[in-house]
Amino acid sequence: MAEEFKPGCARPTGGPVGEKPKKEVEKEIVIVKKETGMIKVGQKAPDFTAPAFHKDKFVNVKLSDYLGKWVVLCFYPGDFTFV
Amino acid sequence: MGVEVLSMSVDSVFVHKMWNDNEIKKMVKGGVPYAMMSDGGGKVGTLYGIYDENAGVETRGRFIIDPDGVVQGYEVLTPPVGRNVSETIRQVQAFQLVRESKGTKATPSGWKPGKTVLSPGINLVGKVWEVWDVKEEDK
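Chains as they are written, first to last, in this note's numbering: chain A, 9 to 91; chain B, 19 to 157.
The following block holds chain A by itself, in its conformation from the complex (with noise of 0.2 Å):
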């Protein structure tokens, strides 16, 4: 039977049960964390394109577009997370 969970601010996400990934799979994981650290400060940020949803419209954004411009980029877990 299904359990029911309490939602918290993280979004819920579920994952594989049971068969271990093989090895090989876990050293690409190990691979990919070393080239994904923080940025750094005095860096340039890295520019990007994204979908985005504003002023009901959908629109591509680019971070590159904004330069000239004061940016705040905020990240969050997900629509609805309560904070």
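It should be emphasised that the hints constitute simulated quantities derived from the structure, not laboratory data.
Source: prediction; values computed, not measured.
Glycine included, each C-beta is placed from N, C-alpha and C at the ideal position.
Mixed in with the good hints there might be a few duds.
As the list claims (entries may be wrong) - With a cut-off of at most 30 Å between alpha-carbon atoms, the simulated DSBU-like pairs for lysine-lysine come out as follows:
#: 1; chain 1: A; residue 1: K77; chain 2: B; residue 2: K35
#: 2; chain 1: B; residue 1: K145; chain 2: B; residue 2: K130
#: 3; chain 1: A; residue 1: K70; chain 2: B; residue 2: K133
#: 4; chain 1: A; residue 1: K77; chain 2: B; residue 2: K61
Stated by the list, open to error - Residues from chain A that face chain B, not an exhaustive set, calculated with beta carbons under 7 Å:
#: 5; residue: A10
#: 6; residue: P20
#: 7; residue: F83
Starting from the known structure of chain A, arrange chain B on it as the hints suggest.
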């Protein structure tokens, strides 16, 4: 202040619309005024170092980026604690002052607009106590 705000999570733009229309609009008149970006798979969050691959979500990372595209500051919180917007505004104001001074000024801890600004240089070495009161931070 002239600051552009951008938000990002792994939710789709459709979910952003639903959240804005069904909840945010009830809390903030007119809803979210800035672009709510979607980062499915966390690729951008990974670039910035705030993607939690175990949970599959981005943590509460906040980056202040100057007009040259340079990251001047960031803060990262775990999901259950919300940010303090007034502290972000304070930091942006301080960074803007430093930038306008072309790096000749510095803001001491707890600085707010109107409070003492320092001009670092050979004449200020060992003299901060003469021009800045530690208690200013509490005011």
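Consistency of the hints with the structure:
Restraint check for K77 (chain A) and K35 (chain B): satisfied, since their Cα atoms lie roughly 26 Å apart, inside the 30 Å limit. With a C-alpha separation of about 21 Å, the suggested pairing of K145 (chain B) with K130 (chain B) holds against the 30 Å cut-off. Taking the CA atoms of K70 (chain A) and K133 (chain B), the gap is about 36 Å. The hint is violated against a cut of 30 Å. A hinted pair counts as satisfied when its Cα atoms are at most 30 Å apart, and K77 (chain A) with K61 (chain B) qualifies at roughly 24 Å.
Here the hint on A10 (chain A) is broken, as its CB sits about 20 Å from the closest CB of chain B, past 7 Å. Interface hint status for P20 (chain A): violated, as the beta-carbon distance to the closest one in chain B is roughly 9 Å, over 7 Å. Restraint check, F83 (chain A) versus chain B: the minimum CB separation of about 4 Å is within 7 Å; hint holds.
The structure fails hints 3, 5, 6 (numbered hints given earlier, in ascending order).
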